[in-house]
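Colleague: Build the full structure now, drawing on both the sequences and the hints.
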Amino acid sequence: TDVVVMGPGSLYSPKLLELGGNSVNGLYTSAVFFPNDPRPEVQKFVKGFEAKYKATPNMFAGVAYDAINLMSETIRKVGTDRKAIRDELTRTKDFPGVTGRITFTERRDVIKDYRHLVVKDGHFTLYDK
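Residue numbering for the sequence shown follows my numbering, beginning at 241 and increasing consecutively.
If you are wondering where the hints come from, they were derived from the structure by calculation, not from laboratory data. There may be inaccurate statements among the hints.
Unchecked claim - Below are the DSS-like pairs computed for lysine-lysine, each with C-alpha atoms no more than 25 Å apart in a straight line:
id: 1; residue 1: Lys-255; residue 2: Lys-323
id: 2; residue 1: Lys-333; residue 2: Lys-284
id: 3; residue 1: Lys-323; residue 2: Lys-352
id: 4; residue 1: Lys-317; residue 2: Lys-255
id: 5; residue 1: Lys-323; residue 2: Lys-333
id: 6; residue 1: Lys-317; residue 2: Lys-333
id: 7; residue 1: Lys-352; residue 2: Lys-333
Bear in mind the structure is a predicted one, so any value in this text is a computation, not a measurement.
Modeller: And the structure:
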């Protein structure tokens with residue numbers, strides 16, 4: 241019988257594909273950022289990043305990009321007062337980022353979208369649940 245293998249987002253790595261070869265085909269995982277995501281905002285970011293840095297952006301680049309954009313927008317709205325920034329961030333609902341929609345709770349916990357991935361033919365690809 242076939243066994244479905246699902247793993248944490250830490251498995252999303254080119255090194256896994258390199259070391260695992262064909263044995264990792266069919267593995268399911270998730271990622272907060274996936275540079276092959278076809279959404280226009282992601283592809284615009286990826287193209288700009290690649291043009292400037294001659295490399296594909298990784299998860300850290302996507303998260304940093306969203307963090308800077310969210311903070312920039314928040315500071316534009318409320319200024320530089322720390323408490324005002326903190327309070328405004330708790331009102332953030334569905335901020336459109338390259339990592340997906342970003343929402344903060346009143347307790348300042350972040351709720352984020354994740355990309356659902358499967359390894360197919362030696363490559364990570366998006367899959368629908």
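Colleague: All hints are to be evaluated individually against the structure, with a verdict given for each.
Modeller: Going through the hints against the structure:
1. Lys-255 <-> Lys-323: violated (42 Å)
2. Lys-333 <-> Lys-284: Measuring from Cα to Cα gives roughly 22 Å; hence the hint holds.
3. Lys-323 <-> Lys-352: holds (23 Å)
4. Lys-317 <-> Lys-255: Violated. Lys-317 to Lys-255 sits at ~42 Å, over the 25 Å cutoff.
5. Lys-323 <-> Lys-333: holds (18 Å)
6. Lys-317 <-> Lys-333: Holds: Lys-317 and Lys-333 sit about 15 Å apart, inside 25 Å.
7. Lys-352 <-> Lys-333: Roughly 10 Å between the alpha carbons, so the hint for Lys-352 and Lys-333 holds.
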